[in-house]
Each structure stands twice: as structure tokens, then as C-alpha cells.
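Visitor: The chain contents come next:
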Amino acid sequence: MLKLDSKIVESCREAARVIAEDVQKTIDAHTTDTIERTILRLLGVDGADAFDVPLVNVVIDHIKEKGDLSKGVVHYLANAVAETGATPKALALAIAEGDVDLTRYDAPEKVDASLLDDAMAPMLQTIKKQRLKRLSALKDKTASAPEKYVIVATGNIHEDIEQAISAVALGADIIAVIRTTGQSLLDYVPEGLTREGFGGTYATQDNIRLMRQALDDAGKEAGRYVKLVNYASGLCMPEIAAIGALERLDMMLNDSLYGIIFRDINMKRTFIDQYFSRVISAYADITINTGEDNYLTTADAFDEAHTVTASQFINEQFAAKAHMDRRLMGLGHAYEIDPEKENSFLYEYAQALLARTVFPDAPLKYMPPTKYMSGDIFKGVAQNTLFNIATVATGQKIHLLGMLTEAIHTPFMSDRAIALENADYVERAFRGFQDAFILNPDGLIVERAKEVLAEAESLLHTIKAEGMFAAIAKGRFANVSRTLAQGKGLSGVTPKHAVYQNPVMDAMLTTLKEENDG
Amino acid sequence: MLKLDSKIVESCREAARVIAEDVQKTIDAHTTDTIERTILRLLGVDGADAFDVPLVNVVIDHIKEKGDLSKGVVHYLANAVAETGATPKALALAIAEGDVDLTRYDAPEKVDASLLDDAMAPMLQTIKKQRLKRLSALKDKTASAPEKYVIVATGNIHEDIEQAISAVALGADIIAVIRTTGQSLLDYVPEGLTREGFGGTYATQDNIRLMRQALDDAGKEAGRYVKLVNYASGLCMPEIAAIGALERLDMMLNDSLYGIIFRDINMKRTFIDQYFSRVISAYADITINTGEDNYLTTADAFDEAHTVTASQFINEQFAAKAHMDRRLMGLGHAYEIDPEKENSFLYEYAQALLARTVFPDAPLKYMPPTKYMSGDIFKGVAQNTLFNIATVATGQKIHLLGMLTEAIHTPFMSDRAIALENADYVERAFRGFQDAFILNPDGLIVERAKEVLAEAESLLHTIKAEGMFAAIAKGRFANVSRTLAQGKGLSGVTPKHAVYQNPVMDAMLTTLKEENDG
Amino acid sequence: MDRSPSVNIRPYGDTKNDGKIQISFTLPLKNDALGEEAAKALAAKMGVPDAHVTHRKSLDEQYTFYILYGTLTHVVDPSTLHVPLATEAAMTKEEVEAFIAGHFQEEIVFIGASTGTDAHTVGIDAIMNMKGYAGHYGLERYSGVRAINLGSQVDNERLLEEALKHEADVILISQTVTQKNIHIQNLTAFIELLEAEGRRDDFLVVVGGARINHALAKELGYDAGFGPKQYAADVASFCVVELHRRGRKTFT
Amino acid sequence: MDRSPSVNIRPYGDTKNDGKIQISFTLPLKNDALGEEAAKALAAKMGVPDAHVTHRKSLDEQYTFYILYGTLTHVVDPSTLHVPLATEAAMTKEEVEAFIAGHFQEEIVFIGASTGTDAHTVGIDAIMNMKGYAGHYGLERYSGVRAINLGSQVDNERLLEEALKHEADVILISQTVTQKNIHIQNLTAFIELLEAEGRRDDFLVVVGGARINHALAKELGYDAGFGPKQYAADVASFCVVELHRRGRKTFT
Ligand code: B12
Ligand code: B12
Ligand SMILES: Cc1ncc(COP(=O)(O)O)c(C=O)c1O
Ligand SMILES: Cc1ncc(COP(=O)(O)O)c(C=O)c1O
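Protein chains in written order, with the working numbering: chain A, 1 to 518; chain B, 1001 to 1518; chain C, 2001 to 2252; chain D, 3001 to 3252.
If you are wondering where the hints come from, they were derived from the structure by calculation, not from laboratory data.
Take the hints with a grain of salt, since some may be wrong.
[To be verified] Between beta-carbon pairs, the in silico distance windows are:
hint : chain 1 : residue 1 : chain 2 : residue 2 : range
1    : C       : V2007     : B       : G1192     : 28 to 36 Å
2    : C       : L2081     : B       : S1144     : 22 to 30 Å
3    : D       : Q3185     : B       : S1144     : 43 to 51 Å
4    : B       : N1440     : A       : E514      : 39 to 47 Å
5    : B       : A1029     : D       : M3130     : 35 to 43 Å
6    : C       : N2017     : B       : S1144     : 55 to 63 Å
7    : A       : D101      : C       : R2158     : 29 to 37 Å
[Stated by the list, open to error] Straight-line C-alpha distance at most 25 Å; calculated DSS-like pairs for lysine-lysine:
hint : chain 1 : residue 1 : chain 2 : residue 2
8    : B       : K1371     : C       : K2229
9    : B       : K1128     : B       : K1089
10   : A       : K474      : A       : K488
11   : D       : K3045     : C       : K2218
12   : A       : K66       : A       : K496
13   : D       : K3016     : D       : K3057
14   : A       : K513      : A       : K129
15   : D       : K3229     : C       : K2057
16   : D       : K3045     : C       : K2016
17   : A       : K110      : A       : K128
18   : D       : K3229     : B       : K1220
19   : A       : K371      : D       : K3057
20   : A       : K141      : B       : K1341
21   : A       : K220      : C       : K2030
22   : D       : K3131     : B       : K1371
23   : D       : K3057     : B       : K1341
24   : B       : K1129     : B       : K1003
25   : C       : K2030     : D       : K3229
26   : D       : K3229     : B       : K1341
27   : B       : K1371     : D       : K3030
28   : A       : K141      : A       : K89
[To be verified] Part of the chain B face toward chain D, derived, beta carbon under 10 Å:
hint : residue
29   : P1108
30   : Q1183
31   : L1193
32   : G1197
33   : G1200
34   : A1417
Don't be surprised by glycine CBs; every beta carbon is placed ideally from N, CA and C.
Let's have the full structure, built from the sequences with the hints guiding it.
Guide: What follows is the structure in C-alpha cells.
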């Protein structure tokens, strides 16, 4: 581990805290379409109408059309459930049929949200069960070596499973099902099993369930628990988080900044969504993965290294605000320095070790080279080998394996096999690295780490002064600028009315607070 | 660098000195067919007779048939040259025609060897010129990074050149022309340009000259001097050394132990040959490469690591006896530990650093993985990458590049290109490694290095006690046992007669001693 | 050694015309001798009758990965080949600028986007933005050029709208995600849109991306296609020459 | 997902029967667009009509290395294939020993060498020596077997001499160096020698090595051939069964 000036680290953390706190004001004052849909999901509403529109969308659209979403779906639903005695799902079906008008149940004052407890309790119970299942499956596991994380992205859930089974047989610890291009811009979560995706597979509750089952089976055969990952970032962040919690995902890509920068999603919308989604994941004990690594695909990995560090500090504070335990914060970073650069390995090492030192409890998510991967698969193997060495030598936790065909196609089964074998080999060969070597306190690596930390500190103070929204507008992350009024999904943001309530989030927060105090 | 107990190192060196001294007694008392042929070559005899038999063989066979080779070729030749006024080459041609009987010039006493000075002087002059040419070509070169060494082995000298030109264009510093299988067992050096070899190309004077010219041309274009390597070990050790000296080879594989163990060449024969061959290379300023690396292809690289170290100490002393400067001692070692082994990289690192520390002035020749290379070329790239890292990080000098197709075929042009690119990449990425890291004095690497050194010391003392010949018979190197009376080429060994003289070696030694004193 | 290219070219390992070639693939067969024969049989059909399986690895019980080396019996005669390139000899930035100054009355308007759900902007930015890529400045920096970069995830409809609004001369489209040929669908849809709106002849329409080349672009109804290691100067060269040929905005 | 092997097998990337395949080779052409077309044309002849050149690298001015990915149109039906194996179901060491004890009157004599100029002994040692290889004991350790290993660089003539002297039942030859097919020459010469001496039927003659397989061995006139990942038990199984079949040294 690095010896760093703890005052600088504290100063970073404090600045990030203020930055997050400032954004939290906006978060607390608003709700969004997907948050309301998430509440419905966690009250037991699932399925779709005759036109494949998810029932949760039907209900929220219905309120937007006939009522006032700023009051929240609970405001309408609580009394409807109480008066009709129907479940939220039954009501949703009735709304879809045009048989019920929910806005009839409007009321001038806050409604009694506990009327929904009967609907909510079994859902939270399911999440707790899933959480327990994971915990008990993992309880004997001593997390020593990095966990090998590979993606499947065939577009067809059945092929994804085929590929995942092979990966598990060859030693993968974590399987991520990449989403089809464009799903993050959909303002609904598609339904059913799907066989047609591009660069990934639709994240649907059925697909996730099927893959979960396949991994449980394959894991049983392999004698270990295999983790499943999907993506929440996008216009349905909290909904996918809820589905993940119900279906026992173990990790969730969850980062507003990714959506803002790379998907042009409105920042207000997604910061608000992110908060609830992280509360859900914290409650479900699901590790989140943040997306700082992506910055380095558009910005230079050496010059802009400190933006990754700064963003990690901010993401840590956002997660803390959602009462997430540090051991669930899979902050992202990456091995993306130009291989032409002198001492590239040493600079990568510095960056990786800096992250490990500053966030000792976080299971950092370490991304392989992508940007400088080319059609030269033989060079690609060498690049991935160096990355694997940095991973093992600096003691990273979540080890995303690089694919030799990164520049060509989403991974073939054999690409993954080659990657897994390489990772195994490097892991064995370098196991005792940290015992064998000491960092030269005046050497290149220590110097570089200090430099990056200092730059991160300075950036954080700048952002603290100008505010997060302005910082994004100035293109401080990934060299991409986005403004507050721009971007997809803004129309789905609503200021909360005085009667607004979110009993699901409240219940989760109560539990989380108790746990944290306990 | 490692901190080692200098007493142990000195104890190793001293034991090795005694071992070499003991063998030197046998060396000094004998000559061999190839030594006598070498003398002829260095008196200007080259070419072949009508049946393609090299003239030097014709002459020596003639003496063996009609006279007594134990008196040495010089004994017959000196007076023949003086009496006939013909050059040694003219005499050789006449002998081939059956026109001259050299044994006619026998004499009871030592002849006046200086009668051959006129024949010898231009040859030594040529060697000096070649030496100067190399020195001046290299004088501006600051040897910092490891020199990238690749082999060509097409069997056809013209294709070899084609392949070498590509390698030079892609950054190779050193080109080795591998010999065809079986040449080392030939008791003559074939003549002419050759297009048919197996696993390598015949080492002939013409082939070497052609390749030298091609590399000089390619080097000019590339703006640097490119080194050429060939193989002396075998039944013609000193002859090939002489050819190398005349044709400006820059490096020469030169190791009796290799021949004994892997070619079943008689140990007496080849130790005797080795001595003269090393004197020639020392005189010509040619770096030798020793073959300890090969041990690890039949013996386990981890368990038998110390045999490599012990052999390096012995080879150092053999070279010193030949008045060879330390900077010409390319002692061999290799990266051959089973990749399945835990911490394989760290053990390799220890071994490589041990060699660097113990032989700080020697331009160690570092061999890539070969034994555990398989038909899996993608894994092969990873193995070579780790080897390249060890090379750069421990500051090796002669960097033999590993080929991803090592287990499949002698290198294709593209295999070499992939290897060169990998080496470049690793060299850039790890340049500052030694500045960034310090060895943990109580860590795995230091511990391992000490262990190997201690085992080497113990082995050297055992060998000192039993003698080198017995040690080889006991299979102490490479797990292969060879005995004194066995092996190829023994019939070519002759005890020196009282009138025996080798004025060529004497002249070289005189110069070398002067240089060493100067 | 004769280094002049012969008519019938074969792959080269270490001896002229030796035909040496490396192949790898996965078969849905278990890792056994039969699978190895199947791999060799496929290689034989490919024209590699003597293939050696140098490696086979189980990916799971039903799949095996094979690496093969062998000798290809096919030959190719380069003189019979046609190289589909948008522009044979591209001009430099300065030459393009001079060409514009010398031939056009007004500045040339390029509008570009990464379309559909494609969120990859690095490629289109490389062509259009000031900074460019790998040392090649982007169109924004060209005098005589106006470059409007709409970014990524732009609908075909919106792209056409903006092109009309800005009276663009050239429409630049970038497509990076190609899995299951999604780019073909999306690119085809844009040409259909242009035709449906009767606007196909109002623009030069050019596409680029990692898996795009000129031949594919032409096939899809585009005026040109560009791929890796092609930069702003290449596109600009093609466009200015072609616009000039079409007499657009040229001096009378 | 149906995991039962289908009749017509194609390579697999990430979708059943997608035919995905990777190829690499060098062409004696300079690194330009024409060379790329030549590479694609060769791929097309191989049955990969849509190949993408994902990488091309100049090896010098006249040679370029290509990496291609594409879709193979060929299929293979494994049920039509024949697997040339010396022994289908090899016995274990213990089973071989029991077989010998149960079927032969005398011990079986194996004599082996790495022949010609080949100096590689690790392969023949792996089969013959006590220690064996990769956890498989060598023949020397088998009860009922006498194993004589002559080492490397053994002339064909000497091998035969020694085989006669020791009244060997089986001759084992190892060949590792295969460049320019030197092993074929050398292996052929040994069979010719045996025949010339009228001794072909006196021995089982078995060959092994990294590039050897049973089909090749049979072609060259050997009784069997063994390659990588085959060990003493495999050879021994074949030999004892075959010797028994031939009635050699068997109980009457
Ligand atoms: C950077 C990157 C990203 C970034 C994009 C950031 C951004 N703002 O652009 C992020 C992280 C957001 C990303 C996300 C995804 N990516 Co991405 N990504 C890459 C990566 C690493 C590099 C691409 C790149 O920037 N290349 C550099 C540029 C300069 O090259 P280029 O685009 O080819 O451009 C050159 C030429 O083609 C040409 N050109 C390009 N466009 C145009 C246009 C015109 C008009 C002209 C004339 C020329 C031209 O000029 C340029 C200069 O020569 C590649 C892998 C790789 N190493 O190639 C994967 C890759 C492209 N991504 C891929 C995928 C699948 C995705 C995702 C869908 C899945 C996921 N991983 O979550 C997501 C979602 C993106 C989406 N929906 O589009 C796949 C595509 C597979 C395929 N063939 O279909 C790749 C190949 C990775 C992989 N193996 O899976 N990605
Ligand atoms: C070790 C080795 C050496 C050692 C040999 C030491 C020794 N005492 O054996 C040394 C260093 C001396 C050496 C030298 C040379 N080598 Co070498 N060597 C290798 C290496 C690294 C490993 C071979 C090995 O031991 N494999 C392990 C054994 C167990 O495998 P195996 O032989 O295939 O045996 C198995 C089966 O095939 C089978 N089998 C083998 N024989 C038999 C026999 C019978 C009867 C049966 C039933 C079964 C059987 O059973 C075994 C167990 O499964 C290979 C590269 C590689 N990684 O493969 C190159 C390699 C074989 N060598 C090669 C060459 C060219 C040479 C040289 C000619 C050139 C040079 N480099 O100087 C020299 C000279 C040797 C000569 N004239 O023969 C080439 C051969 C190329 C070719 N295809 O023609 C290779 C492939 C390297 C390369 N890419 O250039 N080599
Ligand atoms: C944090 C995060 N979220 C989401 C994604 C993927 O998003 P999309 O599905 O929009 O491509 C990524 C991509 O790597 C990511 O890093
Ligand atoms: C020292 C030494 N000499 C010679 C050789 C090659 O000898 P041969 O030509 O006999 O194969 C080697 C092989 O690597 C070697 O290490």
C-alpha cells in the first residue's frame, strides 16, 4: 500500500461530501417516472398489458395523464387499495383495461401509506431472502484473489447462458450480461425472454431470472457461487435495481455520470434516479459498479487520471448518502494508458494502487484496456497480460477480464476462455508480488500517485466551488460537456408535492440506518 | 541488485577455478583434428577438393594416414612452406591432388614455427580489421536496453536473409542463424552457399559471409549495427570460431557442456576444442554464449536452478583461462519454470537477478520459455510477455525473444514480428521498474536467490572434490550422464608430442595477455 | 532473392510460396479425437489439406477450441483484384483548403452524427472536431469548411432535419456497433428516408466506422465509406472532388 | 438450448452455426489496400466470403502480416469421419501388466531411440524411462516389460542391429525435428532398411513425436503412431494387444 498524506485524502473526501450534499438537495426535492414505477414494482406490480407495455408504465402514464404525478403514485394507490381491497397489481390490470381511474382516489392531505404495507411486505421479504441466500452461499468464501469478471453479450439470452456456462466451467467468478445498445434510453423495462439484441441482451426480469438459474446450476456443478451482474444506469435505474434485488443479482452497474456523459441522459433525472437505485442495492446487499473507467475512452488516461480519482470520491459520497456499506462500493477505474507511452505499466500501477489505498474497503472494479486494443489480437494478449499483472500485484477485487478481440466483436466463447486462462496464469505467477517487492518511496510510482491525488484534490475543490452541475457542463469529466436543461428524460422529472410519499424507500432507509447503527 | 554474501560468491568462484584448472591439464596435453584444421584455416587454407572435402580436412587426414598428428600440422608444414616456398593453401591443393607428401617434412626436433608467420600474419590482420570494424560501428552505442536477439532457421540461406531483413526492419539487434540439425556432429565444416537444412541452415563460411553482408546493408538502412550469431559448439568448435572471427560474427554459441550433454560429444574432445575456440573468440572480441539454459529442458527449472548457476561459474573460469574479457562472457540462463507453478514469475525473477548480480560485467544471454510452450499460441504470447518483463526488470543484456509458435515450427517471419513488437512494448512499459521498486530483503525473491546460490556453492564444492569428468558422469547437469570414454569425436583426440606447436594460439594468447596487462 | 511480386501469390511462412497459414475456431463438439478430425476436415475444405491441430481446449463439455497450422493450396493473383477505395490519392489538409478556395464560391457544410442507438462518438469526433485524431486535424479546423457535429444517438429523422436546416452539402454518419448487422439496418433506413423524402440527390452521404469500407458503403447506397486509419483529409478529399464534379457551389 | 450435436457442424462464435473463424497469414505483398484485397480474396477462396482484415502489419517493404475474422460457409458432418487411432480404449499400466501376465510366456522387449540427427530425447524418455512424463510412468517401470532406450542421434542401421541383438519385440522411434519433412525421409528409410534386410515382420514398429499421428505412421509403413498427450500406457496397450493378435510369445 501507498503511504499518502492523510490530510489530502481527507480534504478530497470532505470536498466530495459537500458536492454530493449539494446535489442531494435536488434529489430530495424530486421524483421521476421510473421512481414511481419502481415503487409499483416493489408493491408487487409486474407484467405487461396486451400491447406489451409494462403495467407499471401503464399506471404511471395514467396518473400523468389524469392526475398529478408530483403527489406520487402512493398518494393515489393507498386509498385505492384500501377502498377496493384489490392488490396493486389487480388495480394496475384494471387500469390497463380502462376499468379504473386511479385519480379518483386523490386526497387533499397525505394518505396513510401503511395501507400498502401488505403489498410491500412480501416484496421486501423476497429481497431479504435473496440477500440471505447470497450471504450464506458466500459465507465460506475467503476473498483473496481478484474475482474474475467476464461479460456475455450475444443478444440472445439462450446463447448468453450457453456462453456463461462455459465461462463458469473455466473459472469465471462473475458473469455480466451486457445490455443491448439503446436499452438505457428506453423509458421502460422490456418484458419477457428475448433473443434479439445488438451488442448485448435486453435486461428483462425474465432474462435475469433465467440466467440466475443457469448460474446457480453451473455454480453448483463448479462448487462455488457465481455472481450475476446487470446494468441499472439509464432511464430505468431504480426499476432495474429493484428487479435485480428481487432476482438476486449480485452486482449492478449503477452510475449516473455514465448516463449523463455517454448516453446524454439529463443529469437531474438520473441523479434523482440513482439515489433510489442505490438505496435499493444497499438494502439488497448488491455491490454497485461505477463507471469512471469510461472517462478514459474519450479523455487521455494519463492526463486525466485525476478525474477518475475525483469521480471515485464523489461516487463514494453519493453511495454513502444512500446508506450503502463501503464493501458494496465497486468504484470503477481502468487500465487505459496508451501502450506507446514510456512506463505505461508503472503509471497504471500507480493509479491502481492509489485507488486501492484511498478506498481500502471498496471492492474496486478494474477495467481492462479497451481503447488501445486493436485488431492485432496477439498484441492484445500482451496488453491484457500486463493489465492482469497490475490487477494481481495491486490487489484489486473485481477483475474485468480483457478480451483479445475487444476491437472486433463482443466476446466469443473462445475469447473468454483465452482471457480466463491468461488471468489464471498471471494470478499464479505473481501471487507473492507484494511480499517480494517494496515501493521505492522516492520512485516513479509513488511520485505519480501523489501527483494524481494532488490533482484530484484540486479538481474536487474547484467542483465544490462551482457545483456538480456546472462542473459537468464545463466538461470536467471525460472531456464531454452536458447541461442541466439538456438530455434525455428530463420530462420525467417532477418536483415533489407536499403530500408526496415513498414508503418503500422509507422502509429500506429505516432498515439501513438500523443496520449501520447496529 | 541483490545483496549477497560476498564470501559465498567468492567460494563459488574459487571452487570453479579449481574445477577449470583441473580440466585445463587435460586440455593443455592434447590436440584434436579440428584444432589442427583450425590452425590451417588461420594460415590461409580454405576451399575444398573435387569431392567437396574441405582442404583442411584433406591435409589433416593425410597427416593422420601417413604421419603422426600428435606432432601437429605445424610441425610438418613449417618446413614444407620454407622448402617449397609455396603457401599453405597451395600445398594443401597439391596434397589434394596427391602431388605432395607432407610427412616428408618431418623433423626430429621442434621446427621453426616462425616460418609460417607470413601465412599467419594476413589472417590475424583480417581478424583485427573485423574487430576494429565492429568496435567502431558500436562505439556510439550506449548499451542500455536489452539487445533483442532473434533466430532465423529456414534451412536456406537466401530465405534466412529474407527473414533477417524483416527482423532488422522491425527492431532486432541480433540475428542468429541456427544450424541444421546434425551439423554439430559433422567432423568438417561444409563449404559453399546452401539451400537445404533441417531446423536450421548449414554454417558455412560462404553462408556466414552472405548473411554478414546482408545485415551490414540492412543495418545501414536501419541506422544501427546489427549483430550476427552462429554456433561453434560441436565437433568443429575452433574451426567455426575461426571462420566467425574472419567473417565478423559478433557472437558465437560456444559451450562444450552443451555438446557433451545434448549431442553426446566426447567430453575430452570438446573441452580441448573449446579452449582454442574461446581463445580465438577472445582475440576477435566476439561474445560467446554458453548453454546452461538447455539444462532446463531436460531437468526441472525450479529444482535444478542451482545447476545453471554452478555451470555459469565454471564457464566463467573456462573463459577466463582463455583470457577472455568478462564483457564477452554471454553466460546462459533461461525462463523455464513450469507456468503451472505458484509464483513462477517471482522465482524466475530471482534467478535472473542472481545471475546479473553474480556476473555484473557479463552480457548474460537470457533464453525465453521453450519447454512449456505449447501449441496454444495465445498462452504462448502470455508466457513470452512475462519473460520479457523479467528481462527488462532485471536488466538482462542479450534478450532471446520467445516465439509464440515455439512448440510448432522454427519461426515464421510473422512470429518474429509478433515477438519483436511484444518485446518493444514491454520494454517501454517497464523501463523504470528498477527505479519504482525495491526488493523486500526478507521477501520471496531474495530468499529464493540466496537458496539457489547456497545450493550452487554446495554443488561446486562437490564437483571440485570429484572432478568435472566424474560430475558429468554422475549426471549433475541436465540429469544426463556421459562418460569420459564415450561419445562422438574421441578418435580425433591426440596427446601432444614433445615437438608439438600451435603458433596461432600462441600469437593470440600473447596479444591477449598484453591487452589484459595493458 | 527475387523480391518482385509474382502473379500467383500464396501465404508465406519461411519459404517462398510455402502457403503457411494459421486458423482458429470453436466447434460444438466435445474435446476428443473425433473433434480433432472434424477440425481437420473443415480445414481441408478450406484448402488446407495437411492441417495440424496444434491445440485443442475444452470450453465446456460440448465445445472445443482448436488452433491449426497448415498449408493453403489456394493462390491469388493480385493483378485481377479491384481495390474499392473512395479516393485513390487523398489530398493533405492544405491541398483540400486550396482546392476549396480555388473551386467553390461558398464554404462547404458538413453535418455529422453517430446515428441510431450508437453512442460511440470517438470516430465521428475524430473526423469532425478541431482536435482530430492521431495527429490528423478534424474538419472543424479546415478553412472553407463548416462542420456541424450532432454527437451520438441521433435519429435518422433528426439528422435529415438538421441537414436541411443547415443546408448541408455532406452528411457524415458514423456506425460502430455492428453486432447482428444492426448498422446495416440503420444505414439502409437512412437512405430509404432520404429517398422517401426525395432528398437523396441533395447531399453527399458518407459513412464511416471500424467495420465500414467503401465497398460496403456503395452497396448500401452511400456515396463513400471510410474505415480505420482514415482521417478527415481522406473524407474531405473525396467530398470536395465529388462536389466539384457535381457542380455544386462551384464557380460558374 | 438444444445441446445435442447436429449433423452439419459449423464453427461457433457466439450464436449457433454462426461459422465464426479467425485466420492469420503473411503475404509477399506490400502493406496497402491491394494487399488487403488479396488477403480477403484468399479468405473467400477458403470459404470465408465476408472476411474482415482486422489487422495488417508490414514485416518489411515486401511482406505484410494479416489477421482476419469472418464466417466460414463450409460445414462438416462428424458422423462421416474416421478417427485414425492406434488404440481406441487404452488400458492402464496395471491392466497392461495383467494382460502380459495373462497372455505371454516371456517378457516383452521394447527397444527405442530418437533416430537420425534428432537429438530430442524427452519424448522417447517420456515413453520409456522409469520416471515417465506428466505423471505417467514409463515402460521401464512395467512388470513384464524390458525397456532398452538407446537415446538420441541413433542411426537406423544401429537401431536395427541393437534390436536384433536384444531380440526386441517392439521398436520405438521418436522424431521431433520435422522441418522440411526430414522425419518423413528418415522414417521411410528405416522401413526400407527393414524390408531390405527381410526383417519387417520380426517387429512391431511404432513411431512417436510432436507432429506424429497414427494416420501418418500407417502411411509410412509403421504399425502405429503416437503424438502429444499419449503416454506409455497407450503404446503398451496397442503393442500387447497386437503382439497377442500376432501370436508372438503367447501361451500356446
Ligand atoms: C470507446 C468505446 C466505447 C465508449 C464510447 C465513448 C464515446 N463517447 O464514443 C463507451 C464506454 C461509452 C462504449 C460503450 C459501449 N460499447 Co463500445 N467501445 C469503445 C471502444 C473501446 C473504442 C471505440 C473507439 O473509440 N475507437 C477509436 C475511433 C477513433 O475509431 P473508429 O470509431 O473506428 O473511427 C475511425 C474510423 O472508423 C473512421 N470513422 C469512424 N466514424 C466515421 C464516420 C465518418 C463519416 C468517416 C468518414 C469516418 C469515420 O475514422 C476514425 C479515425 O480513423 C471499442 C473497442 C475498440 N478498441 O475498438 C468498443 C466497442 C466499439 N464497443 C462495443 C459495444 C458493444 C459497446 C456497448 C453497446 C456495450 C457495452 N460495452 O456496454 C456500449 C454502448 C454503446 C452504444 N450503444 O453504442 C463493441 C462493438 C461490437 C460490435 N462490433 O458490434 C466494441 C467493439 C467492444 C467490444 N468488443 O465489445 N464503448
Ligand atoms: C527440449 C527441446 C530441445 C532440447 C532437447 C533436449 C533433449 N535431450 O531432448 C535441445 C535444447 C537440445 C534442443 C535442441 C534443438 N532443437 Co529443440 N526443442 C525442444 C523443445 C523446447 C521441447 C521438446 C520436448 O522436450 N517436448 C516434450 C516431449 C515430452 O514431447 P514430445 O517429444 O512431443 O513427446 C510426446 C509425444 O510426442 C510422444 N512421443 C514422442 N516420441 C515418441 C516415441 C514413441 C515411440 C511414442 C510411442 C511416443 C512418442 O510421447 C511424448 C509424451 O506425450 C521444443 C519446443 C516445444 N516446446 O515443443 C523444441 C523443438 C522441438 N526443437 C527444435 C529444433 C529445430 C531444435 C534444433 C535442431 C535447433 C536449435 N534450436 O538449435 C536443436 C538441435 C536438436 C536436434 N538436432 O534434434 C524445433 C523443431 C522444429 C520442427 N518442427 O522441425 C522445436 C519445435 C523448437 C522450434 N520451434 O524451433 N531442443
Ligand atoms: C456504470 C455503467 N453503467 C452502464 C453501462 C452500460 O450502459 P449502456 O447499457 O447504456 O451501454 C456502463 C458501460 O460500461 C457503465 O460503466
Ligand atoms: C551453447 C550451444 N551451442 C550449440 C547449440 C546448438 O547446437 P546444435 O547445432 O548442435 O543444435 C545450442 C543450442 O541452443 C547451444 O545452446
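Visitor: All hints are to be evaluated individually against the structure, with a verdict given for each.
Guide: Hint-by-hint comparison with the structure:
The supplied range of 28 to 36 Å is met by V2007 of chain C and G1192 of chain B, whose beta-carbon atoms lie about 32 Å from each other. Here the CB-CB span from L2081 of chain C to S1144 of chain B is close to 45 Å, at odds with the stated 22 to 30 Å. Between Q3185 of chain D and S1144 of chain B the C-beta distance comes to about 47 Å, which sits within the given range of 43 to 51 Å. Remark: the range hint 39 to 47 Å for N1440 of chain B to E514 of chain A is upheld by a beta-carbon distance near 45 Å.
Evaluation of the 35 to 43 Å hint for A1029 of chain B and M3130 of chain D yields a pass: the beta carbon distance comes to about 39 Å. Checked against the given bound of 55 to 63 Å, the beta carbons of N2017 of chain C and S1144 of chain B, roughly 41 Å apart, lie outside it. Evaluation of the 29 to 37 Å hint for D101 of chain A and R2158 of chain C yields a pass: the beta carbon distance comes to about 36 Å. For the given pair, K1371 of chain B sits about 39 Å from K2229 of chain C by alpha-carbon distance, which is inconsistent with the 25 Å threshold.
Pair hint K1128 of chain B plus K1089 of chain B holds up; C-alpha atoms about 21 Å apart against a cutoff of 25 Å. As the CA atoms of K474 of chain A and K488 of chain A are separated by approximately 19 Å, the hinted pair is consistent with the 25 Å bound. Taking the CA atoms of K3045 of chain D and K2218 of chain C, the gap is about 23 Å. The hint holds against a cut of 25 Å. Restraint check: the Cα-Cα separation between K66 of chain A and K496 of chain A comes to about 17 Å, which is no more than 25 Å; the hinted pair holds.
Simply put, K3016 of chain D and K3057 of chain D have alpha-carbon atoms about 32 Å apart, too far for the 25 Å limit, and the pair is violated. Between K513 of chain A and K129 of chain A, the direct Cα distance comes to roughly 19 Å. Compliance with the 25 Å bound is thereby established for this hinted pair. For the proposed pair K3229 of chain D and K2057 of chain C, the alpha carbon gap of about 13 Å is at most 25 Å, so the pair holds. Distance hint between K3045 of chain D and K2016 of chain C is fulfilled; the C-alpha atoms sit about 20 Å from each other, no more than 25 Å.
Annotation: proposed proximity of K110 of chain A to K128 of chain A is violated, straight-line Cα distance about 29 Å (limit 25 Å). Between K3229 of chain D and K1220 of chain B, the direct Cα distance comes to roughly 47 Å. Violation of the 25 Å bound is thereby established for this hinted pair. Between K371 of chain A and K3057 of chain D the alpha-carbon distance is near 19 Å, which keeps this suggested pair within the 25 Å criterion. The suggested pairing of K141 of chain A with K1341 of chain B holds, with an alpha-carbon distance near 23 Å, which does not exceed 25 Å.
This hinted pair checks out: K220 of chain A and K2030 of chain C have alpha carbons roughly 21 Å apart, not beyond 25 Å. Between the alpha carbons of K3131 of chain D and K1371 of chain B the distance comes to roughly 17 Å, so the proposed pair stays at or under 25 Å and holds. With a C-alpha separation of about 35 Å, the suggested pairing of K3057 of chain D with K1341 of chain B is violated against the 25 Å cut-off. Proximity of K1129 of chain B to K1003 of chain B is assessed by CA-CA distance (about 41 Å); at most 25 Å being required, the pair is judged violated.
A threshold of 25 Å between alpha carbons decides the hint, and for K2030 of chain C with K3229 of chain D the separation of about 17 Å falls inside it, so the pair holds. The hinted pair formed by K3229 of chain D and K1341 of chain B meets the criterion: a straight-line CA distance of about 20 Å does not exceed 25 Å. Annotation: proposed proximity of K1371 of chain B to K3030 of chain D is violated, straight-line Cα distance about 35 Å (limit 25 Å). Simply put, K141 of chain A and K89 of chain A have alpha-carbon atoms about 39 Å apart, too far for the 25 Å limit, and the pair is violated.
Evaluation of the P1108 of chain B hint against chain D yields a violated restraint, the C-beta minimum of about 43 Å exceeding 10 Å. Residue-level restraint check for Q1183 of chain B holds (minimum Cβ-Cβ distance to chain D is 8 Å; threshold 10 Å). Checking L1193 of chain B against chain D by beta carbon gives a least distance of about 17 Å; that is not within 10 Å, so the hint is violated. Annotation: G1197 of chain B was flagged as interfacial toward chain D, and the flag holds, the nearest CB pair being 8 Å apart, inside 10 Å.
Restraint check, G1200 of chain B versus chain D: the minimum CB separation of about 8 Å is within 10 Å; hint holds. Among the interface hints, the one on A1417 of chain B holds; its C-beta lies about 5 Å from the nearest C-beta in chain D, closer than the 10 Å criterion.
Hint check: violations occur at hints 2, 6, 8, 13, 17, 18, 23, 24, 27, 28, 29 and 31; the rest are consistent with the structure.
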